[in-house]
Amino acid sequence: MTGARLNWRIAVGGGALLALAVIAILAPVLAPVDPLEQDLFLELLPPWWQADADPTRALGADSLGRDVLSRLIHAARPALTVAVVAGVLTMLLGTALGLLAGYMGGMVDVLISRLVDIWTSFPPVLLAIMLVALIGTGLHSVIIAIVLIDWTRFCRVVRSETLAQTQMEYIDAAVIGGLKRGVILFREVLPNVLPLVIVLLTLEMSIAIIVEAILSFVGLSVSSDSPTWGGMIAEGRQVIHQAWWVMAFPMGLILIAVLALNLLGDGLKTALDPVLRR
Amino acid sequence: MTGPLLQVRDLTLSLPDRSRGKLFAKPPMTDILRGISLDLPRGESLGIVGESGSGKTSLGRTLVRLYQPTSGQILFDGADITTLDEGAMRTHRKHMQMIFQDPQSSLNPRRRVGEIVAQPVLALGVERDRRAALKRADLALDRAGLGHAFARRYPHELSGGQRQRVGIARAIATEPRLIVADEIVSGLDVSTQAQILALLNDLKQDMGLSLIFISHDLSVVRVLADRVMVMLGGRVVEEGTSADVFQGPRHAYTRQLIDAVPLPVIEPGWLDTKPATEGTRMVDIKGQTVLVTGTSRGIGRVFVDALLAAGAARVYAATRDGSGSHSDARVVAVKLDVTNSADISTAAQTCADTTVLINNAGINFNSKLLETDQVDAAAAEITTNYLGTLNMCRAFAPVIEGNGGGAIVNMASILARVNLPLMGSLCASKAAVYSMTQGIRAELASKGIAVFAVLPGAVDTDMTKDFPPPKAAPADIVAEVLAGIQAGEADIYAGDMAKGVSGGLAADRPAVIAEMAGYV
Amino acid sequence: MSAILDIRDLRVTLRRGGHLVRDVSLSVNAGEVHGLVGESGAGKTMIARAVLGILPDAVKVSGGKIGFRGDDLLQLAPKRFRALLGREIALIPQDPLTGLNPARRISAQMTDMLRHHLGQSRQEARANALRLLQEVQIRDAGQVLDRYPHELSGGMRQRVLIAIAFSAEPSLIVADEPTTALDVTVQKQILRLIRQMQERHGTAVLFVTHDLGVVAKVCHQVTVLHTGQVVEQGGIAEIMSTGAAPFTRALMGATPRYDQPADALHPVPAHIHRELLAAARRFDEANP
Amino acid sequence: MSGHLLLRRLVQAVPTLFGVSVVVFVLVRVVPGNPIAMMLPPGATLEDMERLRQAYGLDGSIVEQYVIWLGQALQGSFGTSISLRQDVLELVLGRLPATLELAVFATAMAIAVGVLAATTGVLFRGRWPETVIDAVNGFTLAVPDFIWALALILVFGVLLPVLPISGRVDPRLGTEFATGFYLTEALVSARFTVVGDLLAHMIMPAIALALPLAAIITRVLKNSLAEAMVQDYVMIARVKGFSRWRIIWVEALRNASIPALTLTGVQFTFLVGGTVLVEKIFSYPGIGNMAIDAVINRDLPLIQGLILSFAVIFIVVNLLVDLSYGWLNPRLRS
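Residue numbers (the working numbering), protein chains in the order written: chain A, 96 to 373; chain B, 4 to 523; chain C, 66 to 353; chain D, 103 to 436.
No wet-lab data here; the hints were simulated from the structure. Note that beta-carbon positions come from the ideal geometry of N, C-alpha and C, so glycine has one too. Do not rely on the hints blindly, as some may be mistaken.
Anything over 12 Å on all C-beta distances counts as not near chain D; from chain C, calculated [said to hold, decoys possible]:
id: 1; residue: ALA95
id: 2; residue: VAL126
id: 3; residue: ALA309
Listed below are the simulated EDC-like cross-link pairs for lysine to aspartate or glutamate, each with C-alpha atoms no more than 16 Å apart in a straight line [unchecked claim]:
id: 4; chain 1: B; residue 1: LYS207; chain 2: C; residue 2: ASP328
id: 5; chain 1: B; residue 1: LYS450; chain 2: B; residue 2: GLU404
id: 6; chain 1: B; residue 1: LYS207; chain 2: B; residue 2: GLU47
id: 7; chain 1: A; residue 1: LYS275; chain 2: B; residue 2: ASP88
id: 8; chain 1: A; residue 1: LYS275; chain 2: B; residue 2: GLU89
Quick look at which bits of chain A chain D covers, simulated, 3 or more residues with Cβ under 8 Å [to be verified]:
id: 9; stretch: 224 to 236
id: 10; stretch: 336 to 345
In isolation and in its complexed conformation, chain A is listed as follows (with noise of 0.2 Å):
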């Protein structure tokens, strides 16, 4: 029975994202026209089931006259970039340093822990947009923002996760089986503790694309006629009363993404623990 369920998430999540990522990869392919071209004559064109729509632009164009799906399309290469680089480099840091705080504990513990309070006592989005205002905006700083300040998210868990598993008998019995500090840590504790990190890489990974959304929106993201879905937003933003799809695809877009991950990190979460597997 759990078999069926972890099998559909996994399928339906998996699915959307491996849709999303080949969208991105053959955006050039995919869209029907280029992004940046403008055309004042198409401004706020409705999409194809409003009367006045132009088949050519099935989603309507923007208050510049440009093509929205194509801009969709293109915008998915930075989300998912972000997405993925973000992502696994917040794992590698958060982890590297909850392992640590949680299994050497003492002073290490102590500082790290610390450190970690100061940096959630920011309110996240602030700093992200402090630190992309100050490192300058374009794809590197975005991500740099991402990994600076999400990092706390792993460590918390990860430390904590550490620091049940080291109460675990097992890890005496590593001990008295004569296996290493560091042995015991990665080839036993890790392991255990890898399936949580892997879920919470793909919230992190949602999360990433809603920063990028966000910093995009307060126009601090890519440069700002390469298009992105949170840019995107903006600019619907400022049309809604006149053309609301604008703003409303990148949403819907924004929101598959951020469902797939979601629903992905479920997934993983039940096919990950042997005890739930069987």
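Once you've looked at the hints, dock chains B, C and D against the given chain A.
For chains B, C and D alone, coordinates are given in the frame of chain A:
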């Protein structure tokens, strides 16, 4: 090789007690093990029994150096392993293995049974090659009665008994000389338990193993142990061959433990029998409200801290002038001069929740009986030491009884049993206290109040500065007194000197009297 | 003497199939302690829980009746059944650590039923709680009432739970391994207390345990269970005698005793388990 | 003893606040770029720059600068905002009440919804209401406040225009307020039209902030409730004949609240952090909205002041959470 496989000398273990931490200060240390010594000959098995909190599990873990002892010495196969670091320990680990209490948490859920059993074989260098190690694991699994077919399974696929067999296989895979088994059958059904016990018994004989078998269940220990050690409060209460201990326990606590085990035989009236001991009821200091007299100095002051550490809910610290303050909020200063009956009756009202009374106040003029100017010193000693204590008992016995019972502890002296003419008048007053205490004990026996007489030897306080050594440290005396109360020893001989004199009196009374007389 | 509890052909089944209790009958008279003995999976806890109406979600009663002073508990409307619980049927649980709510004072936990079901005033209920605590030999009963569970020792907590169980003078108490989690010296005190209280109040007790030693000391009647079937039933003297059923005798032989050396211990022979398992299978084939 | 704990927490908060101020300080000054140039309006002269450098004590080393800033901050002076040319403390205190009212309102809503959903889910365990609650919750859990805010605007502001999409109060009402706590003040002085208008403005941002928190509370509380419901003390309560609803509320909820509360404490900081963006989206005049502008204008003194006030809010919330542990768990009281 000859000599015992494991020798432990005076092992102590203290761990920080985080439940009693204060702002900024480091948490205080709690003694988990206090002065444990034992010898384990090769091929023998030692059972360690005790109730929860006795320190038996901590002892097992300290022996295999999962915990670092605070002091003392552990010799394994002649080598001192007390302070070895993990790297140096590894050469010994091959020969000393452990089976854990909880087979669920002691097996890594993400490893197959075969890998779990092979792990120490590889890590301890018994085999260098992974395949050879797995082969050895198969053999160990066969030997543990599980069969090597289980090597491919995961722990969660096994039953509790099967998991415990994996734990056993892991422990025997390196062919150790010593195995420490901690409560390994406590979660199992009787029929599974019997199988596991039988298996360990076979392995012990086939492999010539030495076994340390820790359990709360005396009956289970009897099955495997050649010798038995009974623990209480981090100390060894009694030790001996298992036949001796189980058939003729010497210590009151052991007797009480044995008496409480329900055997599967019909025995009308068993439920109502109380242990027939020459001792008295055990009293747990934890949660009690204790009144201690004479806390301005010496033993009295040490008592206050020791009682707090033992978990007393409140301590009334009585001094003659009611002075003194303590950082712990549980301590209440009381003005109480035991020679003043008005003080005593006031205290009986203000300290109406007292459940344990420790009559510690006393004076000492170091005077001989005849070779002294006046009889004043003797009168004062009798007034304070004897009458003061008696009046306190008279005032507080009804208080304690009203609170549902408790204890009275009277500080006498080993000199109550033999006169040291150098301070002859003091000895007489202490003898009076000792005699009076026995009488009170009889009177209060049916009222739920345990009465203890403490007979310490010379203690190193300013009151005894003229007394010749050896003198015990106040803290040691107090620790022994509290241990005696918690173990239900009626007469508590605290300190080596007191035990020595007491033993001497039993063996050759005239010799002791002559020796004491010699100090004049 | 009439039976307070009269269980007839009780059958408990997993909702997804598989019997846990296979047509067990037993009866408990007033003033009698009836031991329900068996190893894990024998069905003893399921029977106890069926009597209390607190079977786990995955399990249901699929046959038989549970007679309680003339009523069949299984046929009773939920509201009437709840009205019986606590007042007429009470429970002493296994674990004194989790048996008391850590967030509520002892007084609240002792008086809630007296107040809400028996309509006593706050003062009345408190006075009754105080009297009960004194009856279970707790010193400073007044102070204990105002404490939280974590401030009491394990033995004290079990005494409080016993006091709660007896508080409405029920005619039946189910004791579910009430001393398994306790130290042996405390266990003896608690066993003594349960017997004293039970004798004083004339209560019938269904005593669930895996420990034959405990059975020998506190029970009048015994039902020995294996795989949800009754292996043997009778007075304590019969069960403890050499004429008992092979499984009972084997279980005795497998129980270690401090007064006997190691070679007196014999694991339960495999064929005894096998025969009982085969009987269970035959039952399942006949009653799918 | 509560005093003891309080003191310990306050003492622990000092290094955190210190750390926060250092991090902000270093971030803003170490990163490449001339901080003065960042502060100056376009068209400033070199002299202006020099004057400003001295005025802000920026001619010393970073340590000296920090010491000067800290000295003034300890005396309650956080400097003057560059872009708004007003005292930072005044600015922050002027905007803070709006954010506090919004955050408290949203939190209250989240707790109410979360507790209700969790208890209902456990009450109907294994039946359809639980399935519905789980499904809705799974969805809500995934969607961030940012998306909720925009979706709410789209639906209730544009497609079915029933709610105002920006501001805090309709200026046409012409109401005067004596304090910054408009909602509290209007309630106290019984001006119910104003209360209605304030709520209409607040409801959408509050929902956007509350939903993610409510979802988390629901999930954690439901799990811990389900765990509590199989404890022996719950079994005892059932055997005492109490109803399932009473058992959930009287016996289980308080014990189950502890893990939920821990998380609420952590998540509340995310909620407050979320105000930054949500206030921006709804043009709601709180400190979050101000903070984005401050960053974009590189208004250093204002950024410092705002971030420190966020840090203080977080610390106070965590303090409250710690204190309520004592209430929920008597064990922590002694």
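Against the structure, the hints:
no. : hint                : result
1   : ALA95               : 20 Å, holds
2   : VAL126              : 16 Å, holds
3   : ALA309              : 33 Å, holds
4   : LYS207/B x ASP328/C : 14 Å, holds
5   : LYS450/B x GLU404/B : 6 Å, holds
6   : LYS207/B x GLU47/B  : 9 Å, holds
7   : LYS275/A x ASP88/B  : 11 Å, holds
8   : LYS275/A x GLU89/B  : 8 Å, holds
9   : 224 to 236          : holds (count 6)
10  : 336 to 345          : holds (count 4)
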